[in-house]
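Student: For the sequence shown, numbering that gives the first Met the number 0 gives the first residue as 0, with consecutive numbering after it.
Worth flagging that the hints you see were computed from the coordinates, not collected in a lab. Here the structure is a predicted model, which means the values were calculated and not measured. Glycine included, C-beta positions come from ideal geometry on N, C-alpha and C. Mixed in with the good hints there might be a few duds.
[As the list claims (entries may be wrong)] Ranges between beta-carbon positions, derived for each pair: (1) 52 / 87: 18 to 28 Å; (2) 60 / 3: 14 to 24 Å; (3) 61 / 10: 13 to 23 Å; (4) 56 / 8: 24 to 34 Å; (5) 54 / 31: 32 to 42 Å; (6) 52 / 78: 15 to 25 Å; (7) 85 / 8: 28 to 38 Å; (8) 20 / 47: 26 to 36 Å; (9) 11 / 87: 11 to 21 Å.
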Amino acid sequence: MAQSFPDFALSEGWSDIAATAGYEAVAGQQVTVQYKGSYQAYVYFGGASAPGAGDGGMLHAGASVTGTADHIWVRGIMSGAVYVQIED
């Protein structure tokens with residue numbers, strides 16, 4: 000059964016979801032990240048340190064991406080949050 004988490008608030012700098020208290024279970028799992036905002040967000044799967052400013056896949060409002068990594072990096076252009084779910 001899929002496991003979901005509270006929405007993860009975005010900042011303009013990269014944040015590692017898997018290294019955040021309460022989200023550690025997402026590391027190494029197949030995870031879907033959905034953007035819940037009105038501008039753009041970026042997601043990057045992998046890497047022990049933050050990606051560069053131009054790295055990551057861009058998500059528009061309502062868009063999602065699924066991937067697997069020990070580190071899942073996210074950042075937003077403005078305000079917003081991402082929905083995080085471990086898939087079955």
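Student: Please go over all the hints and tell whether each is borne out by the structure.
Tutor: Hint by hint, here is what the structure shows:
no. : hint                : verdict
1   : 52 / 87: 18 to 28 Å : 34 Å, violated
2   : 60 / 3: 14 to 24 Å  : 19 Å, holds
3   : 61 / 10: 13 to 23 Å : 20 Å, holds
4   : 56 / 8: 24 to 34 Å  : 19 Å, violated
5   : 54 / 31: 32 to 42 Å : 20 Å, violated
6   : 52 / 78: 15 to 25 Å : 19 Å, holds
7   : 85 / 8: 28 to 38 Å  : 19 Å, violated
8   : 20 / 47: 26 to 36 Å : 18 Å, violated
9   : 11 / 87: 11 to 21 Å : 33 Å, violated
Of the numbered hints stated above, those contradicted by the structure are hints 1, 4, 5, 7, 8, 9, listed in ascending order.
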